[in-house]
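Position chain B against the provided structure of chain A, taking the given hints into account.
Heads up: the sequence lines are chains A and B, in that order. Position in the first sequence (first residue = 1) + 1426 = the working numbering. Position in the second sequence (first residue = 1) + 6 = the working numbering.
FYI, nobody ran anything at the bench for these hints, they're computed from the structure. Errors might be hidden in some of the hints.
[As the list claims (entries may be wrong)] Derived DMTMM-like pairs (lysine to aspartate or glutamate); straight-line CA-CA distance at most 20 Å:
(1) B:Lys253 x B:Glu46
(2) B:Lys283 x A:Glu1568
(3) B:Lys283 x A:Asp1571
(4) B:Lys283 x B:Glu217
(5) B:Lys253 x B:Glu67
(6) B:Lys178 x B:Glu227
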Amino acid sequence: MPLVRLRGVALRHPAARDAFALRDVGLDVEPGEVVAVIGPSGAGKTTLLHGMALALRPTAGELGLFGQSPWPRPPRALRSRLFLAPQVPPLPPRQRVVTAVLAGRLPHEGLGTSLRSLFWPRAPAAAADALARFELADKLYERVDRLSGGERQRVGLARALVALAHGSELLLVDEPLSALDPTRAAQAIDSLLDAAREHRATLVCTLHQVEVALARFERIVGLRHGQVAFDLPAAQVDDARLRHLYADHEDELFGPAPAPDSQPVPDAPPAARTMTCR
Amino acid sequence: MNAVAPPPPHPSARDPAVWRRVGVVLVGAVLLWPLLVWTEFRPWLLADPQSLRVTGRFLGEFFPPRLDAEFLRLMALETWRTVAIATAGLSLAFVIAVPLALLSTARLSVSALPGRMRPLPFALRQCARGVAIALRSVPELVWALVFVRVVGLGPTSGVIAIGIAYGGMLGKVYAEILESADPAPTQALLRNGASRLQAFFYGALPQSSTELVSYTVYRWECAIRSSVVLGFVGAGGLGQQLDTAAKMFAGGEVATILVIFMLLVAAADRLSAWLRKELG
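Only chain A is shown next, with the shape it has when bound in the complex:
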């Protein structure tokens, strides 16, 4: 039985009135799979992840998670089995790194334990261990607002590892490398994949770095204009498919990733696109 099951799913952002970010998406993710979702900006990668994370309710189609049908009222027990790591790490600026990382454990512990941990961090070694995988062990007791953008992003990923170690089974990671240089990016993605395999967890990861996706992931889902363009093993994704996927967006295929964006950008109408010529 698939862990995630999408059939004819349509999703739209609450802010956008009529533009569908995703239309008629069908996708199965089996337990233990590691999947990379690629595609140009505005293809709906983040929206797809938000749909799987129960952050957005499909307007059409059916969504199954862990063999259950979560909507209209996703139970907390179901939410605690998945972990969504947004592209912009959602860390309060004045919080210390150790607290921010251990927050990944909240769904798996009681209120009393988590309150005690605020005063006397419980098992800071767990946080230090997760941070060490991203070369941030020395930042354990720093405050989040003293960190650079790349360091914050890796703290966000360390929180995901803590969640994984404490029982989250489905890890949904949005653009984990957008603020990292290539060396750190390679190390970060390896840490994520190692942790997922170690805990037999399922990992779905959106990526702008196509070559990283092809080199490290077994299965690649290509999104274009809110629909699945292809869903193939990495070895079968050839140049022609990529060129088609990124048609009108070749700069993204070969160039650096665009700046992090908290909101997924809806597809711009074609008329607007031609006006960007300089």
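Then chain B, alone, in the frame of chain A:
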């Protein structure tokens, strides 16, 4: 695209919002004028020689302030009582406000995560808001008049009055401070299955703690001033002394009491600044 395409128009240097802004200011001024007329707002009357003489005589009575040891000892005791009324009242207000704020803030809504809040949680939040409105719309002076009848003259009625009225104010403002912070940290925790209280302590509180503390200290300062007014209806403390002194035309005593108030407010101000720096 091609050579014959016209160059893109340059955006105008003028801010397109400027006329709207001018319009809002003009409309505001036009609306304010009749209000000033209706309230007989004529500040130049203050500069009239007759009024100046009255003001001068009144202020002249303030000197010299009364500073003998016996009076100061009494004042120290009453100051302590005033601070105690304000602090106890604010503690009671805090106990009332925290549940109200947690119930009414939309930040901790699980049903609002995918977009819109569901009707039942929405109704519950509106109820909590309504309770806060009811508590704070009755001024603490009126609450004190009620409780002076129930529990008799003395500080208790002042404490309860401040507690109830300020509970409503704190509850409203706490909820709004929480809602003005970045929603992402709290939402992320709720989405991943944390409970509302966990999301509050790990997501919302670290962002808003300095604002919450400084507003609470400011309210403590307000409670000190408010306990003065409550003293006039018999709730004890410096206010009652001020009432007596004013009725006996003892200008020197009034002056001393007013200076004590200024010192108290200044102390609250320093405390707030220090706390903000420590928590910042």
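Task: Proposed proximity, A:Asp1571 with B:Lys283 (alpha carbon, max 20 Å) - done: 16 Å, holds
Open item on the list: Need the status of pair B:Lys283, A:Glu1568: alpha-carbon distance at most 20 Å?
Closed with: Cα-Cα ~18 Å, so holds.
Open item on the list: Would the hint linking B:Lys178 and B:Glu227 be met if the CA-CA limit is 20 Å?
Closed with: Holds - the C-alpha atoms of B:Glu227 and B:Lys178 are around 18 Å apart, at most 20 Å.
Open item on the list: With the threshold set at 20 Å, check whether the alpha-carbon distance from B:Lys253 to B:Glu67 stays at or below it.
Closed with: Judged against 20 Å, a Cα distance of about 13 Å means the pair holds.
TODO: Given the hint that B:Lys253 pairs with B:Glu46, test it: the Cα-Cα distance must not exceed 20 Å.
DONE: 29 Å, violated
TODO: Given the hint that B:Lys283 pairs with B:Glu217, test it: the Cα-Cα distance must not exceed 20 Å.
DONE: 11 Å, holds
Comparing the model with each earlier hint shows a violation of hint 1 alone; every other hint is respected.
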